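If you read the protein sequences in the order shown, they are chains V, W, C and R.
Residues 227 to 583 in the numbering used here are what the first sequence lists, from first letter to last.
Residues 227 to 583 in the numbering used here are what the second sequence lists, from first letter to last.
Residues 63 to 455 in the numbering used here are what the third sequence lists, from first letter to last.
Residues 63 to 455 in the numbering used here are what the fourth sequence lists, from first letter to last.
Worth flagging that the hints you see were computed from the coordinates, not collected in a lab.
Since the structure is predicted, the reported quantities are computational estimates derived from the model, not experimental observations.
One or more hints might be untrue.
To list a few chain V residues with every Cβ distance to chain C over 12 Å, as calculated [stated by the list, open to error]: (1) E332; (2) S445; (3) G482; (4) K490; (5) V530; (6) F552; (7) Y561; (8) S583.
Calculated cross-link-like contacts (lysine-lysine; reagent style DSBU-like; alpha-carbon spacing at most 30 Å) [unchecked claim]: (9) K88(C) <-> K251(V); (10) K92(R) <-> K276(W); (11) K535(V) <-> K276(W); (12) K88(C) <-> K302(V); (13) K581(W) <-> K389(V).
Listed next, the stretches of chain V that the computed footprint assigns to chain C, with coverage defined by at least 3 CB atoms under 8 Å from CB atoms of chain C [unchecked claim]: (14) 289-300; (15) 499-512.
Ideal placement from N, C-alpha and C gives every residue a C-beta, glycine not left out.
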Amino acid sequence: MSLPDRQTDIGPPHYSKFLPPVIAKNYGKWLYHEVLSAGTMVHVSESGEKVYTVRAATPRLLSTDRIREFCAIAEKHCGGHLRFTSRNNVEFMVDAESKVAPLVKELNDKKYMVGGIGPRISNVVHTQGWVHCHSAATDASGLVKAIMDDVHEYFTDKELPNKVRIAVACCVNMCGAVHCSDIALVGVHKTPPRIDDNNVKNFCEVPSTISSCPTSAISPDPAKKSVKIKLEKCMYCGNCYSVCPAMPIADAKNDGIAIVVGGKVSNLRSDPTFSKLVVPWIPNNPPRWPEVTDAVQKILKAYVAGAKKHERVGEWIDRIGWEGFFRETGFEFKYQHIDDFTFARETFRMAATFKWS
Amino acid sequence: MSLPDRQTDIGPPHYSKFLPPVIAKNYGKWLYHEVLSAGTMVHVSESGEKVYTVRAATPRLLSTDRIREFCAIAEKHCGGHLRFTSRNNVEFMVDAESKVAPLVKELNDKKYMVGGIGPRISNVVHTQGWVHCHSAATDASGLVKAIMDDVHEYFTDKELPNKVRIAVACCVNMCGAVHCSDIALVGVHKTPPRIDDNNVKNFCEVPSTISSCPTSAISPDPAKKSVKIKLEKCMYCGNCYSVCPAMPIADAKNDGIAIVVGGKVSNLRSDPTFSKLVVPWIPNNPPRWPEVTDAVQKILKAYVAGAKKHERVGEWIDRIGWEGFFRETGFEFKYQHIDDFTFARETFRMAATFKWS
Amino acid sequence: MSKKHDTPLLDELEKGPFPSFVTEMKMAAKHSDMSNDLLGHTELCYKERVTHWKHGGIVGVRGYGGGVIGRYSDIPDKFPGVAHFHTVRVNCPSGFYYTSAALKEMCDLWDQYGSGMTNVHGSTGDLVFLGTKTEHLEPFFAEISSRGWDLGGSGSALRTPSCCLGKSRCEWANIDTMAITNDITQHYQDEMHRPAFPYKFKFKIAGCPVDCIASIARADMSIIGTWKGPIRINQDEVQNYAKKMNIQAEIIDMCPTGCMAFDGKSMKIDNANCNRCMHCIAKMTKALRPGTEQGATLLLGSKAPIVTGALMSWVIVPFIKMEPPYEEFYDLIDKIWEWWDEHGKNRERIGELIERLSFPRFLKDVGLDPHPAMVKEPRRDPFFFWDESDIEK
Amino acid sequence: MSKKHDTPLLDELEKGPFPSFVTEMKMAAKHSDMSNDLLGHTELCYKERVTHWKHGGIVGVRGYGGGVIGRYSDIPDKFPGVAHFHTVRVNCPSGFYYTSAALKEMCDLWDQYGSGMTNVHGSTGDLVFLGTKTEHLEPFFAEISSRGWDLGGSGSALRTPSCCLGKSRCEWANIDTMAITNDITQHYQDEMHRPAFPYKFKFKIAGCPVDCIASIARADMSIIGTWKGPIRINQDEVQNYAKKMNIQAEIIDMCPTGCMAFDGKSMKIDNANCNRCMHCIAKMTKALRPGTEQGATLLLGSKAPIVTGALMSWVIVPFIKMEPPYEEFYDLIDKIWEWWDEHGKNRERIGELIERLSFPRFLKDVGLDPHPAMVKEPRRDPFFFWDESDIEK
Ligand code: SRM
Ligand code: SRM
Ligand code: SRM
Ligand code: SRM
Ligand code: SF4
Ligand code: SF4
Ligand code: SF4
Ligand code: SF4
Ligand code: SF4
Ligand code: SF4
Ligand code: SF4
Ligand code: SF4
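The following block holds chain V by itself, in its conformation from the complex (with noise of 0.2 Å):
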């Protein structure tokens, strides 16, 4: 069977052949929107047509058949018409409110998290991990399955303070938005990379593997054509193995989990904010990670006792301090939390306020 003809450089299918027709008619028209249930939401043009909106979680991991079951959802609802969502929810549109029961009934029969919309947990923001990642330091997905179906209430159903945005990264390069999230978890090494003087002298290009320690940990080992690593100076941040697949830095017993909380990107009351460390190791425990969905549900329920109305968790700390926040969830305060990197010196305690705990 011959190919087709390819082409390149085409760029992407222009997205105007995608658009269902009541959003092409009120494209840049619409007045406002309202927010009908966890999972749907009606927005209201200038033209008084509205669309309706049904969320539901997905995997983000899909295999074809399950988007064809997705397309067979919207051929049936919605004119064939679905999008996804910047957090991997899948969205069906309608145009009359008429048409929402029929499609919300039909997910929820298929099994479906309808859900995610207003102050809620949406998707998980997260990565390859052990699926498919040479760098992973934990699991993504899984991580993703045990922490949702922990706290899918608040995707289906309940309401938060806010929106909390929860995302995972399989290692510190952080393919997640892990950075500035409300919760997120990070896959970290616990120990430096082992050197494979052999490979390292045959795959891998000397100076700029030493060029790629942010510690300059890493040394010439002339004699042997390959490199050291001065131990003490190593953060375990594998960027060395990015560069030199012959310094393996993945550890069965070591590598584990980080938390980071309090991030955000909107700009809404506080400017967008990182994310700050509140566990910095919790061992990879799968396929279920209990000692980590542990953790997120304590700093959920400090959060939900805690938080003003529309208050993200980041704004909620900022209000009763860091010390407030250790001391409403019990987490032990370490030498670890104390940054000694760049950013350190912003972040000692300049001034005489402070909260007892």
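Got chain V; can you put chains W, C and R with the ligands on it based on the hints?
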């Protein structure tokens, strides 16, 4: 005439020798105070006793005759007791209300400036300048005099939203408290040091000279047994000159004054804060530095017009934003305002939130 | 295909209400040997608590320097189906809208040439086809490109730009995010497909400061819609909100600039002090709308924490009209890239380069004037440079 | 002495209401040749807009490594009176209280041995005698030391500790600042007079977080009084204040932690959330007082901006009782100095050293446990070290 036997390591006289009786008796028993006027206040003790304080400005650079005059006043009104404040004012204390007016009268008659208490401008913390320091890029005492003449009403009379702490340092060593003051002036250079190779060879230690440079601008010049400077790396800090006198940096035409504002050290309401650059350079224009006093007035005027009661300069700016500050004062925002050194990253506007100006 | 591997650990992850990626892998495994082995391979990772993927080699399609991530198992003998398991990054349409016809066609092709597994979407925004062999890359590409699809970016190239859905369904969009994203993507096809940068470069475009695409955290250039002039207020709707919410507590007291007032009757905003954070608008969408002079703020530099800590993008152009043909915008981007090409080290992101060479220098070199909107605060130390022209001789 | 130099520029600075340093110099010049030449020398600096002092050489008194700053004119021929013009730093009494008898005695000695000019006080807190010749140093020291005075610090030594007036006249002092300052000064006479540190070290002691001695900005160790437990409230006085001020706007709304409430009748404070900023207490001093469990917070590290930017002191001990004999305190200081001596480079302040070697390492080495009060926020990047004992083998 033979000298008395010298003693060593005896430390200063014990303060208890110098306390006025009412202070000694009520030490640790004070209950509250009231500000009675710009230059007088009363502290009330648990015992019911009171101490009235009268404060007057000094230029800090005092002749022995002036000190004798203070002593005479203290003897006449205060049993021979007096103190100086941490901002170089002199304080006279009496234990009865009736003693206040005669004391104030005498001070006024002798042309002393009574004031500086409460939400006002107090004395200027400052440094040696041309009167005594080899490192000075400007004079300190003269600047202080010019500024205080200009704002004296805020010392003796008028209230401000809160205290405004002014400081002057004659070079970036900042022997004053410039780096955390509401409004501060600092003498700055604009040109690199000039190297006197012969003297470097004879008087300086080359390695420590090289390592003194924060930007690594200095390298050895082995031929001359001296050093050389990469001009474009030099930020004119003068630290090399502190270490090696053969690298003078003073430059009559290009030395001048930078203004930094918005710092504070008290913990009230907001944490202690560093002052930030608002005018990178004003030429040295002795004896009265009119461009400097104008700029200080501009800042004060905008502060008085804009700040809420109790807001310090930095707190006011924090509320209106730095873009608001530049708008209100009309100062030009230049490349020099943008940090390119230690803290640069933390000063970038990592948010879409700013105000139009 | 019939089940090849026992997966007791993964099976645990089919329990519970959230949709399971294991179920997806099992669905794919029904017609794909690759996915069948993926299940076994992943189970082993779970058991041993360690990844079994090797560093990927460079694979791809003819004429392209990116778009495919090479991936190999380190135990290919045990799991031949994933000996090669490369991912193909297909450039998503702006806004992530699809028709079922288009998607089904892609699914059929992927069943034919790949594992039957996908990521919808990858974190950057690509439609990621997960797992195929080297020899299938070329035919898969021929099939999809002939149907109007193209690859996204990888390596030291422009990465697939992505955006929030903007004007298509959101009342707050100040710029046409989807049109801009599509235009940038088309404008820079060469930069996307033939890696020639010091490192990766990402665009993300959000219609307003709510930033539903997280652009400020993960795009070398973040384009964020904004406005000048007064927030539009519908006082009748304010009254309606007053009946259902505590406007004082939820809006006035939470406005970060304290520039709002509500006396029970009408709402006032001191627009000169508003920083356009979007809080009030988002929580009172029927009553408040962005102003009418709309455009974007350009921010530069965000990236993940490797190696000296994460950066968020920061303001380099406070306001720019983003209207076709976007000349001023493209001119600036070209200048920025030129500067980065000239000065950037290998694997140095633009944000890191600016940090290294200094923000003032960047501004001078690309021809932007300093503006207080670019900084949260001016520098605090008295150490700053002058040009020759500033010096009295 | 009669006038030696015309000083038209300086004369300008005798005009205006603020007391003039020029007048002081002229007063001193009446009996001192040195001060007479100081006038001319300063006038020349004003005219030429440049300093005429040379780098000081090392001068001092026998057995002491500091306390005197050597100073020489670079035009001694023109101004022989200031050819030498060294300053003598005399350690002030804690709290800056004096009697006229003591001051007059010092003045007489200074007229005899020096220029008749002083700084009351230097920025560090010394009683600075400004300008004398090398040969007068030893006799001046003999005279003053025999009368109970001693030199302060200079060079790489402990510098003269100073404090706010604390319990002597302030109702908010949580610690006895003057007693502590005197004790530290006496305890460390050797460290003050025989420079043996990598660089200077300063103590400043404030009775409460108002910090009237600016300790947080300019002391390697800042000792700041504070308390635990509830703020003492006198509700009757609250009522009185309610008559003269807007408590809601001026106090409740300005409390940084939002932990106060006033319902028109009584004031409530959620003390667990109070950060002891002092605002409410300072503005309502008759109604509110610090709690009764009093002590200090120890902060370390502040310094001026040379060379990588200023530091403020930061918390290293959240709470410590500061009562004689201050054993726990001195033990800690000794450990800190030992660590600094061992690791500090020449001209490296303690704060800079901690920054270089890391704050966690400092804490471990001097035996302090980590505490959230030590940081404004935890680190944001995922790069942190572990000890051998934390690793599974
Ligand atoms: C569909 C989507 C855009 C897209 O192109 O796909 C979207 C859509 C809307 N967002 Fe969003 N946001 C979407 C991702 C985001 C993100 C990005 C992210 O999570 O990675 C953010 C930033 C999160 C952060 O700050 O960390 C985001 C922060 C918001 C906020 C700000 C909440 C806050 O107070 O900080 C609002 C305003 C609100 O909720 O009042 C908002 C509001 C909205 C509105 C109401 C806008 C509108 O008028 O249509 C939309 C429905 C809200 C809802 O889902 O509750 N959207 N929204 C994204 C849905 C993701 C999902 O499946 O859950
Ligand atoms: C597939 C994807 C994760 C996912 O599951 O979605 C991904 C996967 C990889 N990323 Fe990523 N990154 C992905 C989005 C991101 C993002 C998020 C984004 O683009 O919005 C980031 C953070 C933002 C940023 O760019 O900094 C991200 C930051 C990194 C980094 C750190 C780069 C840095 O400068 O800090 C690396 C390391 C590197 O480039 O060597 C990296 C490297 C990688 C590599 C290529 C690993 C490597 O070193 O070779 C991963 C290949 C995994 C695999 O097996 O396929 N990936 N990567 C995302 C791309 C899918 C897509 O095209 O849609
Ligand atoms: C006299 C005094 C200024 C004044 O007019 O009051 C002063 C004067 C000098 N200081 Fe200072 N410093 C004085 C308080 C300060 C302060 C404020 C304080 O102590 O509270 C600081 C800022 C806080 C700090 O310690 O960082 C200060 C930070 C410096 C620095 C920068 C040190 C640093 O680590 O950043 C230097 C430079 C140096 O040490 O080489 C310096 C160096 C100097 C030298 C010794 C100049 C030199 O390099 O040789 C000055 C001698 C001037 C002279 O002609 O007498 N002086 N110096 C103050 C001491 C009087 C006293 O003992 O009471
Ligand atoms: C006498 C003195 C202490 C000493 O040991 O010498 C002192 C004495 C008092 N201070 Fe102070 N402060 C003194 C230097 C300071 C300093 C240090 C400095 O300026 O270098 C500060 C920190 C300034 C800063 O933050 O930059 C300082 C910030 C305050 C404040 C905080 C104001 C604020 O809201 O930030 C108060 C409280 C107030 O004013 O309500 C205060 C309040 C007081 C009280 C009311 C304390 C009391 O109950 O006795 C005293 C009289 C106030 C007045 O003068 O208005 N004092 N005060 C110092 C007088 C200096 C002078 O001559 O003006
Ligand atoms: S976060 Fe790390 S392990 Fe996960 S996909 Fe990205 S590079 Fe791979
Ligand atoms: S893991 Fe990171 S810190 Fe350790 S040697 Fe490699 S690059 Fe350096
Ligand atoms: S600030 Fe500079 S010039 Fe002024 S006294 Fe201190 S070291 Fe000398
Ligand atoms: S003045 Fe400062 S920056 Fe310039 S050469 Fe000297 S030490 Fe370096
Ligand atoms: S970023 Fe703004 S314009 Fe875009 S979807 Fe979110 S709220 Fe709407
Ligand atoms: S957009 Fe934000 S800053 Fe502007 S008025 Fe609304 S809440 Fe206030
Ligand atoms: S620091 Fe506190 S105790 Fe000391 S004088 Fe100031 S207000 Fe009083
Ligand atoms: S001391 Fe400060 S934080 Fe505490 S109650 Fe008073 S104003 Fe609030």
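Verification of the hints:
1. For E332(V), the shortest C-beta to C-beta distance to chain C comes to about 15 Å, beyond the 12 Å cut-off, and the non-interface label holds.
2. Even its closest Cβ contact with chain C, about 17 Å, leaves S445(V) beyond 12 Å, as expected for a residue assigned away from the interface.
3. Non-interface status of G482(V) relative to chain C is broken: a Cβ of that chain comes within 12 Å, the nearest being about 9 Å off.
4. Its beta-carbon lying about 9 Å from the closest one in chain C, K490(V) breaks the requirement of being farther than 12 Å from that chain.
5. Residue placement check: V530(V) keeps its beta carbon more than 12 Å from all beta carbons of chain C (closest about 17 Å).
6. Remark: the non-interface label on F552(V) is consistent with the geometry, its nearest Cβ contact in chain C lying 22 Å away (cut-off 12 Å).
7. The beta carbon of Y561(V) is kept farther than 12 Å from every beta carbon of chain C, the shortest such distance being approximately 18 Å.
8. Listed as a non-interface residue, S583(V) keeps its Cβ farther than 12 Å from every Cβ of chain C; the least gap is roughly 26 Å.
9. Proposed proximity of K88(C) and K251(V) is contradicted: the alpha carbons are some 40 Å apart, above 30 Å.
10. Between the alpha carbons of K92(R) and K276(W) the distance comes to roughly 41 Å, so the proposed pair goes past 30 Å and is violated.
11. As the CA atoms of K535(V) and K276(W) are separated by approximately 50 Å, the hinted pair breaks the 30 Å bound.
12. Between the alpha carbons of K88(C) and K302(V) the distance comes to roughly 26 Å, so the proposed pair stays at or under 30 Å and holds.
13. A threshold of 30 Å between alpha carbons decides the hint, and for K581(W) with K389(V) the separation of about 26 Å falls inside it, so the pair holds.
14. For the segment 289-300 of chain V, the proposed coverage by chain C is satisfied: 10 residues have a C-beta within less than 8 Å of a C-beta in that chain, meeting the threshold of three.
15. Taking a C-beta to C-beta cut-off of 8 Å, the segment 499-512 of chain V contributes 3 residues in contact with chain C, enough for the three needed, and the coverage statement holds.
The structure fails to meet hints 3, 4, 9, 10, 11 from the earlier list, while all remaining hints are met.
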